[in-house]
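Protein chains: 2
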Amino acid sequence: MRKATIYVTLKPQVLDPQGKVIMNALHTLGYNNVTEVRASKMFEVTINAENDADIAKEIDEICDKVLANPNIETYYYDIHDE
Amino acid sequence: MRKATIYVTLKPQVLDPQGKVIMNALHTLGYNNVTEVRASKMFEVTINAENDADIAKEIDEICDKVLANPNIETYYYDIHDE
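Those protein sequences? They're chains A and B, same order as listed. My numbering numbers the first residue of the first sequence as 1 and each following residue consecutively. My numbering numbers the first residue of the second sequence as 1 and each following residue consecutively.
These aren't lab readings, by the way, just hints derived from the structure by calculation. Hints are not guaranteed to be accurate.
Treat identical chains as interchangeable: a pair holds within one or across any two.
[To be verified] Below, a list of computed lysine-lysine pairs in the DSS-like style, where the Cα atoms sit at most 25 Å apart:
id, residue 1, residue 2
1, 20, 3
2, 65, 20
3, 20, 57
4, 11, 57
5, 3, 57
6, 3, 41
7, 11, 65
8, 65, 3
9, 65, 41
10, 41, 11
Please model the entire structure based on the sequences and the hints provided.
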């Protein structure tokens, strides 16, 4: 069993309304030195396989098909022991 | 300017319906060696401050008040240059 931690982030040029709402909330609470908030997703995927090259190929497929929208998002990941 | 990358994850004993739905979707697509998926959130916060101890104190407050639900979630973060 291996785990992949996958990070899916909006591309830098894509507007992030969720991050903007959080930043406005922080300003309302007085945290005026916060100048930007970007919200992203993280997934921990446990895979019953041992070969890291095979796992990387599978994670790439999973990200392209399910976890990330390649039009507006990028992803990166690391593979590690449980 | 410094950036904090904040990771907000469900506590291990808390059920993750979003992760479960993703896992079921992956099984439907034939990725049957995926045994668990846990979905989490990640935030990149840019702060106009330089003292890392002050920034850590502010990030702790922000997480407790806004970004994380301490009943069911935990968070960790690292502070780094832009």
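For each hint, the structure was consulted:
In this assembly of identical chains, residue 20 and residue 3 lie within 25 Å of each other by CA distance solely across copies; the values are 16 Å between and 32 Å within a copy. Proximity of residue 65 and residue 20 under a CA criterion of 25 Å is satisfied inter-copy only: 17 Å between copies versus 27 Å inside one chain copy. Taking the closest pair of Cα atoms, residue 20 and residue 57 come within 25 Å of each other only across two copies (22 Å); inside a single copy the shortest separation is 34 Å, beyond that limit. In the homo-oligomer, the alpha carbons of residue 11 and residue 57 lie at most 25 Å apart inside one protomer (22 Å), although the nearest pairing across protomers, at 29 Å, exceeds that limit.
Within a single copy, residue 3 and residue 57 get their C-alpha atoms as close as 14 Å, which meets the 25 Å cut-off; across copies the closest is 31 Å, which misses it. Taking the shortest alpha-carbon separations for residue 3 and residue 41, both the intra-copy value of 16 Å and the inter-copy value of 17 Å come in at or below 25 Å. In this assembly of identical chains, residue 11 and residue 65 lie within 25 Å of each other by CA distance solely inside one copy; the values are 17 Å within and 27 Å between copies. In this homomeric assembly, residue 65 and residue 3 come within 25 Å of each other (Cα to Cα) only inside a single copy, at 19 Å, whereas the closest approach across copies is 31 Å.
Taking identical chains as interchangeable, the C-alpha atoms of residue 65 and residue 41 lie at most 25 Å apart whether they share a chain (16 Å) or sit on different chains (20 Å). With identical chains, the CA atoms of residue 41 and residue 11 are at most 25 Å apart both within one copy (13 Å) and between copies (16 Å).
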